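On the provided structure of chain A, position chain B as indicated by the hints.
Going line by line, the protein sequences match chains A and B.
Numbering follows the working numbering, in which position 30 of the first sequence is assigned residue number 30; successive positions increment by one, without gaps.
Numbering follows the working numbering, in which position 53 of the second sequence is assigned residue number 1053; successive positions increment by one, without gaps.
Because the hints were derived from the structure by calculation, they are not lab data.
In this text, all values refer to a predicted model and were calculated from it rather than measured experimentally.
Please note that a few of the clues may not be correct.
Listed next, the stretches of chain A that the computed footprint assigns to chain B, with coverage defined by at least 3 CB atoms under 8 Å from CB atoms of chain B [to be verified]:
{"#": "1", "stretch": "38-48"}
{"#": "2", "stretch": "87-95"}
{"#": "3", "stretch": "101-110"}
In this text, a Cβ means the ideal position worked out from N, Cα and C, and glycines have one as well.
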Amino acid sequence: AQSVTQLGSHVSVSEGALVLLRCNYSSSVPPYLFWYVQYPNQGLQLLLKYTTGATLVKGINGFEAEFKKSETSFHLTKPSAHMSDAAEYFCAVSKRGGKLIFGQGTELSVKP
Amino acid sequence: DVKVTQSSRYLVKRTGEKVFLECVQDMDHENMFWYRQDPGLGLRLIYFSYDVKMKEKGDIPEGYSVSREKKERFSLILESASTNQTSMYLCASSPSAWGDYGYTFGSGTRLTVV
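Just chain A, with the same shape it has in the complex (with noise of 0.2 Å):
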């Protein structure tokens, strides 16, 4: 079965610092991979995602991810942080028929 592992509820990076956020999924087979993020009382907002050729993907809003098939990977990255990246984030992994599983989100705080 297809599962995804979101490491860290909750990160915090200043404004300007490097944004981390990491995602392990299991899968028998190669994925699509997903990135989305929500803001506070809103829906979720497709950032990237990975279906195939190049394994590293470029969203909106200066983000990137890189799949990495020996490490069942799909972190996303930012170089810089900014004070509008502070919202929830998920990690999503495509399952048979199309339904996407979801990771149990990592909330990102930005300090001024």
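Same frame as chain A, now just chain B:
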């Protein structure tokens, strides 16, 4: 842009009431989904639908039912609301059954059952 619209942002209902949560998408997507979101548990799939009048149970269907009479509308029904159904409910749609497009989400309905 695809829009997924959930009819209510906030709802307060009494225990035992029958509750309808409505979701409409405007891009002719065949696939629609209902999730609930709880702190520390992420998103859990309640029901999904791949076509009109077609539905399948997700991971936590107990206490819920769904209706999809038209392609654009997918309703979640709480047959007899209970306090443990207090949660954020998120509707989503997708054009692909293979998962490669991901989902477009609505803004969510925060339901409180008292």
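Comparing the hints with the structure gives:
no. : hint    : verdict
1   : 38-48   : holds (count 6)
2   : 87-95   : holds (count 4)
3   : 101-110 : holds (count 4)
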